[in-house]
Each structure stands twice: as C-alpha cells, then as structure tokens.
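Colleague: Taken in sequence, the protein lines are chains A and B. Here this note's numbering = 1-based position in the first sequence + 101. Here this note's numbering = 1-based position in the second sequence + 1.
Just so you know, the hints here were simulated from the structure itself, not pulled from any lab data. This structure is a prediction, so every number in the text was calculated from the model and none was measured. Ideal placement from N, C-alpha and C gives every residue a C-beta, glycine not left out. Treat the hints with care, as some may be off.
[Claimed, not checked] Ranges of calculated distance between the beta carbons of each label pair, as one might list FRET restraints: (1) A:428 to B:19: 56 to 66 Å; (2) B:92 to A:211: 18 to 28 Å; (3) B:102 to A:443: 31 to 41 Å; (4) A:248 to B:102: 26 to 36 Å.
Here are the chains, one letter per residue:
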Amino acid sequence: MAEPLRPDETAPMRRGPTPVLAGDHTYGTVTDRISAIVLRRRTPRGWIFGFAISFALFNLLMISLAHLLFSGVGVWGVNIPVGWGFDIINFVWWIGIGHAGTLISAILLLLRQPWRTSINRFAEAMTLFAVACAGVYPLAHMGRPYLAHWLTPYPNVMSLWPNFRSPLVWDVFAVSTYATVSALFWYVGLIPDLATLRDRARNRFFKFLYGFAALGWRGSTAHWHRYEVATLLLAGLATPLVISVHTVVSFDFTVGIIPGWHATIFPPYFVAGAIYAGFAMVLLLAIPLRVVYGLEQFITMRHLHNMAKVLLATGMIVCYGYLMEAFFAWYSGNLFEMFMIGNRTMGPYAWAYWCLLLCNFITPSLLWFKRFRNSVPALFVISLVVSAGMWLERFVIIVTSLHRDFLPSSWGMYYPTVWDWATFAGTIGLFLTMLFLFIRFLPMISISEMRTMLPHGAEEGRR
Amino acid sequence: MSRRTPLHGLMVEFREPGELVAAAKRCHAAGFRKMDAYTPFPIEELAEALGFHTRGRLPKLVLLGGVLGAVGGFLLQYWTSAVDYPLNIGGRPLNSWPAFIPITFETTILGAALTAVFGMLALNGLPMPYHPVFNVPEFALASRDRFFLCIEARDPLFKFIETRRFLEGLSPSKIYEVAT
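The shape of chain A in the complex, shown without the other chains (with noise of 0.2 Å):
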C-alpha cells in the first residue's frame, strides 16, 4: 500500500508543474479535507440528483427482472442463431471495465506508481460495483436463477458435478474469485481510513458502525506492519488473477468453433481491452468528481494525464487486435473466417463494426496530442466515446460471429427488445445508485496513503 518514506523517493513527486499532491498540505488537512466529505459536509445537490436517477435506474432494473423471472427470457431478443445478446455484451463489459481498478491497485503498487494513490480508493469501489452489475446478467440469463447453485461442486442427490472441462464454469470460479479477492482487498484499504472517521465521526451513531468496521484497529506499528506484507502479497496475487480473469472469459468465446471467436489472440486482446475500458470509466468518474467536491489538489492534472497515456496505450494494444483479426481471417484461407470478416465489415451490421473503428480507433488517437491529454473537457468527451466503443465491440463480437455461421439456412439477425435496454439501462443505475452510496459513507482517497504522499516532517516548518 503505502511506499516507503525515503525522502528520495518523495522528491520527484514535488518536481515539475503537476505534482501528483497538490496545494500545501500537511497530514492534518489531508485527514480533515477527505474525511469532511463524509462526516462534515452538507449533502451537495448533485448528489441528491444524481442519486435519485441512479436510484430510478435501479429501480427500472428490479423491474426488468421481475418481469424476465415472471415471462421467462424470452422477453429479450435472443433467440438461435444469436444466442448470446446483450446479456453477454453488458457481461464483458461490466467486467472489463472493472479491470482497470485492480490494475490501479494492484499493479502500479507493484510498479510504484505513486500517482495511483488518490484515484485507487474509488478505483477500486467501481470494480466492485462493476463485477456486480456483471454478475446479474449470467444469472438472469439461466432463466432459472434459483438453480444456480448447480454451477457450484457440491454433493447432490442426484450426484452430479459440473463440467469441469467447460469454460463457462471456469467463469464462475474466476469471476467468483475475482469479486471476493476484490473485495477483500477494497476492505483492507479501507480498515485504517475506517479508523479514521471512527475517531472523528461525532454521531454515535456512525461512531458506532465506523468503529464496527474498523475491526479496533490502532494504527500499531507491529499491526502497520503486517498490514503492509498483506496488502503487497495481495497486490501479488491479484495481479495474476485480474489478467486471468478477462483470460478466463476470452475463453467463453475462444474454446467454441465459431468464426470471429476461435483465435488465439483473444486474451490478450480482451486483456488489453477490459483495461481500456476500465481507464475510460475510470476518468468518466474521476473528472466529475473532483470537480464536484474540490478535490482538484488530490487528483491534479497529472493523474488525468498519466490516465490518458494509459488509455492511449491500452487502446492501441486493442486496434492492434482488430488488425490482426482480420489479418488471420484473410492469412488462415478458411473460407468461414474469410467470410465472417466481411460479412463483419460490409454485412448488415457493418455500421456497428466502423462505428467502433471510429470510437476506439480514431477517437482515442486524439490522445497522441498532448492538447488532448491536458484538456479535461477532451478527455471526458473521449472517455464517454470509449466506453460506448467497448460496448460495440462486444455487440461485433457476439452478434456479428453468430448471426451467420457455416448454414446460410441457419442465418438469422438479432433484435434486442425493450426489456434489454431496460436491463442495461437498470445495471447502469445499480452502478451508479452504490457508487453514489460509496461516496457519501466512504472516503473515496485513501487518507492513510495520501498521508504517505505528504514529506516526512512537511509541518516542520509551521509550528
């Protein structure tokens, strides 16, 4: 978690124009400035607007649902050949996006990035949230969500196990993992933060559940200590797992026969393209944020610019994929794949697929130009063109490959109905509703790291 105090390394961070800590700050006021926004100020009207609409959308989901459990998932378009619709696209997207907080927290601690220090907190809070939404949709797909025990081993009656060869149950223990391994990580971070408010928390209340929480935590240097071999083991070992995650679902596609899925360059590919997705959502939230609550003196310009360069290169890893799609599909001489990738570029879904040529490729290019990067109004238009981009992507993916397989007497198209944008359109609101949660309860910067980001003996001078 937090990077030794050697005055060398501290020194970089205060060079330059756009430090990573800005203002003068002392471990006081970092205490006071983010805890305040929990324990001390007012509601901002935002937050209550924002919320009442995430709530809404919240509610438009338990609605959708509702009506898909009563009339069964034929209430959505999918259907044979396309089997697989937005259930799946919002699936892969949800937990793409999702990716990008593990990295933060998890890698660039490896790397020492100390940047990550003030965006890893809510980072973190978005990947939760997004396995979340995630994990709605494989279960309301089933139809029969009250069977989903089945996917987990357990001794039956009926003494049955689930297929262990099959990808879709790798999913289940890798997005399962995923979320608890996530979670656990998120609260770690938090314990001492949770300390925090508990000792400066003045309803009892709250005192109380801060307090709960923070497990009696005291700050002992023997207890820091194992704290901190925790969380690098734990940066560790989700470093592996989140790559392996977005693996593990590259494999719901790869293992199958389909043309346009079975290929070898799809981990990475997906990989490279949850982190994309992620970073974009990552500034989407960040951007508003600091604005909304001043915080523009924790996560300053440089932290939007090291975002951009990250989702310039994560997205050019992304075209690099494109291109090579279609090169195999050209270089292999199979006649399906020759035909998948024209029936993907000029077929009745062709706006699709350059729609998100434009949104992945071209939009995010812009980035090459640091006007681009340091301009925030560019960067969150580009972030939002992204996130739709990672969308289409997965729509070319899934609908595109299966619509028309090897019998042109088996080729259909694929309709989403209402109740799929519904569903969608509730998953975004689930999101939002426990992001708006997150950020009224918790401290969304982690207080106990920004305190390392602060010189040793900063106050020296002020007493």
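Add chain B to chain A, keeping to what the hints say.
Modeller: Chain B only, in chain A's frame:
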C-alpha cells in the same frame, strides 16, 4: 509487574514521525521491549527501530494457503471428473488435466488471498474492539496527525518514576498514563 496494577503503561505523544522514530530507537537501546508505537500511516524505519526486522510468519502462511488452494482445487476436479462420475467421451482421457488448470489457478489465488487477509487480521489480534490505549482521549489523533509511543507496564524494566523521567527526557509534546 503484577496484574493488579491498574496501569497499562506510559504513553508519549509526538508531532513529527522523525521524533517518534528517534524516541523509539532510544527506548529500544535502553532495553525496553514491551512497547508499541501508534501512527496514522506505516513508517518502515519505526518497525525497524522497534525490532521488527523480518516479514514474520504471514508470507509462509500465504504460501501454505495457496498450495492448499491449488491441491484442493485440482483434486476436486480430478476426483469428480475421473473417479466419482467418469464420463467416457470418444475415449478421451478422464484426467484431462490441462482443462483443470484455469480453476486450479483460481483456487490457488483464492486460498492465498483469503489467508493473506484473515491471517493478517488474526496475527494482529483483530478484531479487538477494546484496547487500553483508547482510554487516552487524545489517542483519537493517532488516526490523524499525532505519533504515539507506549511503554507497557509489563516490561521488566518498567518502573513508574524512572520510566516517566526517561520518557520526559525524550522531549515529547505530551505524556500520558494509560489505564488498563
């Protein structure tokens, strides 16, 4: 010291982490061992000053958790697919181990991560809602911007008057008696 003593120890407060580290080094040099420092963020030099040189038992426990997860995950798949409910599909091997690797990998991570979190909490003795240091009202600042060092009364060298004088010599900003 006898258990009837109502004193947990003597605690000193500092405003700067550097002062605390220097004080901890002096206390350690003076022979005190039953002591702990309380800070709002981790300080590596402090752990060294108080004598925590190793990473402790946690990494070994995590390795054990990972190995148990790996072995358990693989055996679960092997036993269910090859022993308890063997399905002969086109004469393919029942122990199709490459197909079992993804889940084995996930259970390895799960076992190790659960051990890392719960092992850390257990070794730290958490959750522990009550601790004597919380009796000092100013201790609430240990989670904000103050740095505390507490020499416990159970230390064999602890003698109230002498220890108090010794701690005053460290020029702390405040000194507290911590009730049990």
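Colleague: Take the hints in turn and mark each one as holding or not.
Modeller: To see whether the hints hold, each was checked on the structure:
no., hint, in the structure
1, A:428 to B:19: 56 to 66 Å, "59 Å, holds"
2, B:92 to A:211: 18 to 28 Å, "45 Å, violated"
3, B:102 to A:443: 31 to 41 Å, "36 Å, holds"
4, A:248 to B:102: 26 to 36 Å, "27 Å, holds"
Hint 2 from the list above is the single one not met by this structure.
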